[in-house]
Amino acid sequence: MTPKSTHHKLLQRQIKKVKALHLSPEDQWQALLDLVHDSYTTNDRDINHLNNVIRESSSELVASNEKLKAAHQELADAYTKEVGLLNHLIDKSGEAVQVTSEDGIMMYINERGAERLGKSPDQLLGKYVGEVEQMFLDKSVWDAHVTELREKGPMIIEGQHKKADGTIFPIEANAYYTTQGGRGFVIAFIRDISERKNIEQQLRISLAEKTTLLGEIHHRVKNNLTVIFGLLEMQIMQCDNPEVTSILRESQGRIQSMSMIHEKLYKTTHLESVNVTEYIKELAETIYKTYHQFENVKLNLINKNDISLPLNKMIPCGLLLNEVLTNIYKYAFVGRDGGEITITTSLEGDHFILEIADNGIGIDPEKEIKANQSLGMRLIHSFARQMKAKLSMINFKGVKYTIEIPCKQ
Amino acid sequence: MSKKILLVEDDEIIAFLHRHFAERCGFEIIDTVDNGLSAIQETKDCQPDAVLMDIRINGELDGIETALKIREFSDTPIIFLSGNSDESTLSRAKEAGSVGYLVKPVKHEELCAILSKFTD
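Protein sequences appear in the order of chains A and B.
Mapping the first sequence onto this note's numbering, position 289 (from 1) lands on 289, and the numbers just tick up by one.
One rule links them: number in this note's numbering = place in the second sequence (from 1) + 1000.
Please keep in mind that the hints were generated in silico from the structure rather than gathered at the bench.
Please read these numbers as outputs of a predicted model, since none were measured by experiment.
You may find that some hints are simply not true.
Unchecked claim - Example chain A residues on the side facing chain B (calculated, C-beta under 7 Å, incomplete):
1) Glu-111
2) Arg-112
3) Arg-220
4) Asn-224
5) Val-227
6) Phe-229
7) Glu-233
Ideal Cβ positions, reconstructed from N, Cα and C, are used throughout, including at glycine.
Generate the whole structure from the sequences, applying the supplied hints.
Spelled out as structure tokens, the structure:
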């Protein structure tokens, strides 16, 4: 049984009311006929009204639908335009963009990337990445690369790409790992670095040439000093005067101090500074051998830190040490069987501290002024000034020189 | 009779000085050459009592490589005389079978002492 409409229920109620009036059968029949007629007339009006409402609503709906359709089309057009622009930008970008699945299959490559390899994107998609990147010819290397990207995050790597014609060119790839729909991918932005590599190579060659040239200059300087040293040696061989010989030997010592610096510079890779502690050790030992008659004099070298000094301080530092040691060997142990010389090098803040101490006879206070005016002492003060160093001398149970040299230029 | 020394040195003045020092000590410098190939040939031809060899010399072979070639046919003492005193050069020189090593600049006494030691 179908549910009755409200209109039908209303009609039934009115029929019941007519029946309750107890009219004559003719009047009751007439009343019922009027009632039904009225009812249907009312119903037709409602239906007409409803029809009108429905028509109006439908028109509105159709209009809204048209508007929606237009808006949707507008959005679709804008989206297509945006995506088109984006694709265009990616395709024509200066960098290759490549998406590779976790197992090394190329899923996407932009036009630029394919063009650089001398192929179309279609020729590359679905191929193993090792066909392009030489490093990944071995699948285990690709697997390790993916693992590293997954664990450590984005990284920049260098590689060698192979073109369709077989030529190889260097690349730099900025790669990262990502997942989409439960699958892993490696996205890489790849740059051709042929030009950069060429420039780097040229710079390396140029630097090597300059380093060789600079090394050659130091070698020549050392050779020239060797010649001067040898010429003095020839004069020493011809000289019968011990005093003159001694003076010539002192000059040789000064030349040797400088010569050793140039030898170090010839061998070093850092031409702007030299390891001063190593130099002082070698120089002190060389001077010690020069004064080989002092067999009972012990040389102690204490190095607390490894320190480098700029070249403009190394030469005066070496010459100063030469003068001080020469003075010590000449005067400190006169009348003694032996003694000790202690050279200590250390770093205090940004100052290199050089201490040279002997346990010899010290300087007679009466002769100290005269000693300070000697050529050796004047040179010592001059070298200290050149290094902007602070020089102090303690004359007690031997002589102790302390030189505080600023490490910077 | 003077001991015969072959001097291998590419710098003319230094060669002159070393020749002078050695001769003043009674040695005979049989020849001075400036490259490895000449040094090998001279050692074969003249059989010196010692070779005084610089390490940086002219030509494709350096002093150490030259010494290695000489060692293939001769036991003559080879004494290096070089401006380099770094550990790697000293070690290479030792491996090349040299008997002595002097660092330039040298005093005549040092040169004579080492020549005497290895030619007696």
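Consistency of the hints with the structure:
1. Glu-111: Status violated, d = 53 Å.
2. Arg-112: Violated: closest Cβ of chain B sits about 49 Å from A:Arg-112, beyond 7 Å.
3. Arg-220: violated (10 Å)
4. Asn-224: violated (9 Å)
5. Val-227: holds (5 Å)
6. Phe-229: holds (4 Å)
7. Glu-233: A:Glu-233 check passes; min Cβ-Cβ to chain B is 6 Å, inside 7 Å.
Hint check: violations occur at hints 1, 2, 3, 4; the rest are consistent with the structure.
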